[in-house]
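Engineer: The residues making up each chain are set out below.
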Amino acid sequence: MKMFNSYKKVAVDLSWVQLVWTAWFLAIVFLIYFLFRFIGGEVTINSQNLDTHSFLTFAYHPSKIFMLVIGIISVSGFLTFFAKQGVTRKNYFYGAAISSCVVSIIIMVAAVLITAIEQFINPADATVLFLGPESTMLSSVLTFTLNIQVYFMAGWIIGAGFYRLGGFGGILYIVLAIIFIAVSDDILWESEMKTPVKMLLNIDVMWKPPLAFSTIGSVVLISAMLVIVRFTTKRVRIKMK
Amino acid sequence: MGYDIEISQVCKNYGSFAAVKDISLQLKSNKIYGLLGRNGAGKSTLLSLLASFCQPSSGNITVNGKDPFENAEIMSQVTFVYETDYSDETEKVKGMLEAAERYRPDFDRKLADELVKLFQLPLEKQVKKLSRGMQSALNVTIGIANRSPITIFDEAYLGMDAPTREVFYQKVLEDHAEHPRTIILSTHLVSEMDYLFEEVIILDKGKLVLHEPIDQLMDRGISITGGRQKVDEFINGMKQLNSQQLGGTKSVMVYGKISDEKLRGARQAGLEIGAVSLQDLFIHLTSKEDDYENVQ
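Protein sequence lines, in the order shown, are assigned to chains A and B. Position in the first sequence counted from 1, then plus 889, gives you the working numbering. Position in the second sequence counted from 1, then plus 10, gives you the working numbering.
Each statement offered as a hint is correct.
A partial selection of chain A residues facing chain B, derived with a Cβ cut-off under 8 Å: (1) Asn894; (2) Gln974; (3) Asn980; (4) Arg1126.
Hints were generated in silico from the structure; no laboratory data involved. Because the structure is a prediction, the values reported are computed rather than measured. We put the beta carbon where it would ideally sit given N, CA and C, even for glycine.
Please take these sequences and the hints and turn them into a complete structure.
Structural biologist: Structure representation (structure tokens):
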């Protein structure tokens, strides 16, 4: 009996395509890091000296943008393609969701590995991990993975909104995505910064939620974003392009 | 397993525009259907409904008794070929064929290779760099090689030159003979494709004008030529599609069921009875606003 197309097949294929992009992305980020760190001398980013940062820390913000971008192009780049191959919207959705998690985890693993090699070669170097001197490996890894996943989801929401509604509706989805990112960045994770969201909600600038709270918060956030993408694409008209 | 299609009172609206209006059709499996209609008649909308690219605003579509929309089993058995915008497609021809092979349960690699040779498709070239005709040839190659039980070609020939189109038609016929399946060909190049069709469906302004086996349809359209008075007497009460007059001679195209007896009478009266091409029938059945109502 011939099997029809499952989400697993979509997940494998999408992971493959996105991991090829990821390899390029990481190679370029590493090259820039290498140039800055070992050749460039004193470089400061966000008023922090780059010399005291690991690759994991350096790759964090670029990875968020990378995930945002591949999220934005997921629907327009792949939904029509898969529909043409006779794949349902549902199987595309599950496949794309799984592949995005795979990409998030692989980027994290690659960044951790490069950081580990870096510290093995020069143990005195770059002991500062990511969230500051007091952070643990676990918290760094969790923060990294969950946050870049939230950025993928934000991109995916924007892409889904534009695919379904076009111009004005799409802009509403951008607003939605910004709200999700603000909650994730400003409330759940990146503390100690004076942000509009904190001022609006009257949250103490120095307030730092416990790791478990942030982790559960991110999982809830990602789930809510998944629900939005699914409802937006559930019955969406496939663009004939 | 058969893949009979049943379309029942289907409407599709885009905002306030009704693209498809109350269409009911039964398409038995394994036949070749010609879907004819002028630009904007609703052909592509009807076909994208069949391919589950969108859902009807009202009415039902079933394939093999089941709703095809988001049905993974049915969707994997429907191939929808249309003119695709490949301006951003960096994948090579080879990669596109591999994707089809991976997702289409009945894909035939050998047939695909044969078609690639026939259409002279460059396997290693990026799809966006192919000419429009070559891109259409690629679409058609995948469409035929998929061997899907329901295969839809929506004006798939666009940009192809005449010899390439001829190859396309021949391969459709050949492969259909060996592997029967439902093939729907939408077109307005009626004159060069009419020999492919077993049944003809004509749409006009979103409505169904007719759905008939091609031989019955051809029997219903005749041209009568002769003296003006005799012709007028003969066609009295019949549906006229077109009429031309030169001096005392008149030639009229009529559409409808005509008994053999009546035809014999006409010949005896010296009238010349001729066949009407599908192209002419199509043109005249879709040329006036109220035509479909008269035919129905």
